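S.K.: Here is how the chains run, residue by residue.
Number of protein chains: 2
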Amino acid sequence: MTDPEQKDGAALTRRDLLLGAAVAGGAALVGLPAVARSQAQALAHVVPPLVPIPEDATKLLGAPTSPVGTRSRFVTASRTPTGEVTGTSFTPLQDLTGTITPSDLHFERHHAGIPLLDPARHTLTVHGMVERPMSFTVEDLRRFPQVTRVYFVECSGNGRGAYRDPKPDLTPQKIAGMTSNSEWTGVRVADIMKEAGARSEAQWFLAEGGDACLLARSIPMPKAYDDALVVWAQNGEPLRPEQGYPMRLLLPGYEGNANVKWLRRLEVGMRPWMTRWETAKYTDPLPGGIARQFSFEMDAKSVITSPCAPRTITKGWNPISGLAWSGRGRIAKVEVSTDNGKNWHEAELQGPSLPKAHVRFAYMWEWKGREQVLLSRATDETGYVQPTRAKLIEVRGKGTDYHFNPIYGWRVAADGAITFHGES
Amino acid sequence: MTDPEQKDGAALTRRDLLLGAAVAGGAALVGLPAVARSQAQALAHVVPPLVPIPEDATKLLGAPTSPVGTRSRFVTASRTPTGEVTGTSFTPLQDLTGTITPSDLHFERHHAGIPLLDPARHTLTVHGMVERPMSFTVEDLRRFPQVTRVYFVECSGNGRGAYRDPKPDLTPQKIAGMTSNSEWTGVRVADIMKEAGARSEAQWFLAEGGDACLLARSIPMPKAYDDALVVWAQNGEPLRPEQGYPMRLLLPGYEGNANVKWLRRLEVGMRPWMTRWETAKYTDPLPGGIARQFSFEMDAKSVITSPCAPRTITKGWNPISGLAWSGRGRIAKVEVSTDNGKNWHEAELQGPSLPKAHVRFAYMWEWKGREQVLLSRATDETGYVQPTRAKLIEVRGKGTDYHFNPIYGWRVAADGAITFHGES
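Going down the list, the protein sequences come from chains A and H.
The number in this note's numbering is simply the position in the first sequence, starting from 1, with 29 added.
The number in this note's numbering is simply the position in the second sequence, starting from 1, with 29 added.
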């Protein structure tokens with residue numbers, strides 16, 4: 030064995046690594062616009078021929094240090110479905126632990142694909158009812174006081190399938206994978222409003238993205254002065270392109286689409302703009318032909334991520350673990366039932382339980398071979414309790430299109446096979 | 030524009046993406062063992078031909094959803110130096126924000142490369158002074174109660190260059206890049222000891238890794254019953270290979286090498302094993318021919334990561350931002366000086382300030398064009414205050430080899446150019 034402090038062993042330079050890379054060949058990506066095609070190629074990694082796993086890894090030197098690491102070949106977690114310019118990819122919640130979502134597995138919801146933006150040219154313009162209309166690059170915003178906070182983002186359509194059509198083969202990814210949790214860094218919208226001199230009588234502001242559909246949402250001004258941020262970083266690094274690079278709006282606890290990505294414009298005014306994204310979309314139909322509009326806050330919710338479908342468990346200890354979150358503040362309590370809701374037991378919250386952030390809960394459960402139904406129920410600090418599906422249908426109807434947070438869980442058969450249990 | 034709810038637009042499947050990938054060609058990787066060579070190839074990504082940035086990104090559809098995201102082409106953060114089977118790569122602290130280190134940028138310190146381990150075959154054996162010797166796979170450990178906590182890891186040699194030879198061209202990566210901070214998930218060593226029936230009179234345990242040098246460290250038993258963990262996940266996903274996949278020891282606050290990676294053995298006994306990794310290495314020479322041995326705890330430390338060398342700043346607000354941490358608990362206070370230590374101002378801690386974890390501090394600073402020296406000084410909850418370099422040299426001598434935490438910072442010249450300032 031070489032001396033661990035000697036640096037003169039076999040050396041592999043960064044240039045060697047680049048020499049080792051091949052350019053992605055032309056693939057069957059016809060039918061996509063040029064940027065989409067090129068970006069898709071950028072997402073395709075080299076798949077090298079794999080060396081066999083050594084019988085005894087202690088008998089040979091391993092791999093060298095590298096500029097940027099890659100996952101183990103045994104880790105296959107990925108978002109699904111994919112390949113859609115207008116679509117959604119879901120985070121594989123069943124493959125994850127803790128509370129932070131790896132940035133490259135954060136769920137996606139694009140309405141016109143991921144735009145390719147140069148941070149030196151991309152600006153955020155603030156105008157309307159302000160004393161001093163202004164534009165800022167990310168570099169300009171870095172002159173402001175910076176804030177780092179952990180918050181979840183959740184698409185308001187998260188859980189639609191499980192609510193409307195609770196099939197037994199659903200997984201955590203399918204029932205709740207349109208939420209992810211990150212440590213965000215940016216600047217307070219309040220400071221931007223102060224810098225631009227937003228007029229005190231202003232009631233709403235419009236946030237507009239720089240993608241091909243110019244997604245735009247109207248937001249009440251009090252949110253700007255509460256906890257709204259313009260962020261440029263996520264989990265310690267610059268935002269990923271699919272999360273709004275170079276900057277996005279971050280409205281803690283508000284439905285995902287209001288957290289406008291590729292943010293380019295904030296307009297200050299007196300009333301909502303009634304964009305298509307708050308009228309034709311993201312307004313919730315209710316029974317009786319009426320609708321909920323500007324239903325920004327995401328209700329408290331929980332999901333058991335382990336054990337879950339399609340696993341088959343064996344007898345003995347099977348720790349129940351999952352995520353809970355609320356758009357209104359901290360999660361105060363998560364209860365778990367192992368008998369389809371007859372009895373509830375308080376789970377351990379693996380703190381700190383931060384406001385408007387995922388918290389992981391855990392409950393030790395020993396399975397003895399009986400058929401059982403596992404459920405979880407979250408309560409937030411406002412006292413709001415996650416409702417049953419029956420209760421939600423009673424209030425909202427089965428046809429409602431957004432904001433689904435019923436209690437659900439997993440049915441464990443006598444042979445240990447697990448299926449989704451959507452009725453509560 | 031297509032209707033955002035319609036999913037029938039141009040679709041790119043996962044198979045198309047794989048078709049788009051090319052296999053890494055043979056490169057100049059001679060001189061490396063087969064596993065190292067193959068792993069290095071696995072680390073080389075496709076570099077596709079880049080499309081030009083569109084003049085107006087709102088005028089064309091963007092990239093589609095993808096299984097696993099990649100960074101923007103404008104983000105170039107990477108570890109250095111690289112390519113060493115026995116060596117270190119440093120985290121680019123100046124490119125990061127917040128507190129979480131992206132897993133693929135976590136610093137590396139390998140003594141015999143990264144072993145290639147199959148999680149189905151890799152086991153942790155517990156033996157020695159125990160009632161029931163046992164072996165566990167990761168799947169077995171998942172039956173235990175799980176714990177998720179945020180902790181830093183820091184190499185005990187972090188800062189050696191800045192201490193011994195404080196040159197003006199040093200960067201945050203070079204002076205402090207051998208520390209990173211992650212959310213870890215695993216099981217308490219205390220629970221493993223209880224399961225195996227560790228004898229109450231046992232005083233130490235040995236932790237041995239499954240790499241080619243069988244790195245092994247002796248750890249006092251009280252740490253096992255305090256906060257020691259065996260972890261299999263980092264930042265929500267399975268450990269990265271270079272961080273110990275499939276499992277590692279995590280000793281919060283202890284010097285990095287004691288957090289044994291690729292953990293395969295815990296032996297319980299009465300006295301330290303005096304391995305080469307705690308005698309020839311990782312014992313600190315002091316003046317007078319004596320030495321500090323088993324100096325596990327990392328002392329409180331701080332580093333300003335922005336502004337920093339080699340940047341040149343312009344007049345106006347330049348927020349001072351950095352990281353602080355202590356191996357003995359929470360950071361209680363970080364002070365910043367902008368006049369080379371004459372006056373100190375308390376910085377804002379961007380909480381929560383968690384025990385034995387990085388916390389980010391911030392201090393608003395307006396630069397008016399004068400030459401100034403920026404310093405930071407951390408105090409932890411035990412009252413320990415980060416010392417000056419002069420004080421540290423007085424106690425430890427200039428030749429000491431580990432545990433460097435002097436106050437240092439950055440000199441801002443009258444033209445805004447920044448260089449490292451290593452004397453305090």
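Because the hints were derived from the structure by calculation, they are not lab data.
Honestly, I wouldn't trust all of these hints.
Each pair may be met inside one copy or between any two copies, as identical chains are not told apart.
Derived lysine to aspartate or glutamate pairs resembling EDC-like cross-links, with alpha carbons at most 16 Å apart [unchecked claim]:
hint	residue 1	residue 2
1	K203	E160
2	K344	D169
3	K252	E168
4	K88	D313
5	K371	D169
6	K420	E224
7	K371	D147
8	K362	D430
9	K88	D147
All of these numbers come straight from a predicted model, not from anything done at the bench.
S.K.: Please go over all the hints and tell whether each is borne out by the structure.
M.R.: Hints, one by one, checked against the model:
{"no.": "1", "hint": "K203 / E160", "verdict": "neither (47 Å within a copy, 45 Å between copies)"}
{"no.": "2", "hint": "K344 / D169", "verdict": "between (58 Å within a copy, 12 Å between copies)"}
{"no.": "3", "hint": "K252 / E168", "verdict": "neither (24 Å within a copy, 45 Å between copies)"}
{"no.": "4", "hint": "K88 / D313", "verdict": "neither (62 Å within a copy, 30 Å between copies)"}
{"no.": "5", "hint": "K371 / D169", "verdict": "neither (56 Å within a copy, 30 Å between copies)"}
{"no.": "6", "hint": "K420 / E224", "verdict": "neither (46 Å within a copy, 44 Å between copies)"}
{"no.": "7", "hint": "K371 / D147", "verdict": "neither (56 Å within a copy, 42 Å between copies)"}
{"no.": "8", "hint": "K362 / D430", "verdict": "neither (27 Å within a copy, 48 Å between copies)"}
{"no.": "9", "hint": "K88 / D147", "verdict": "between (48 Å within a copy, 15 Å between copies)"}
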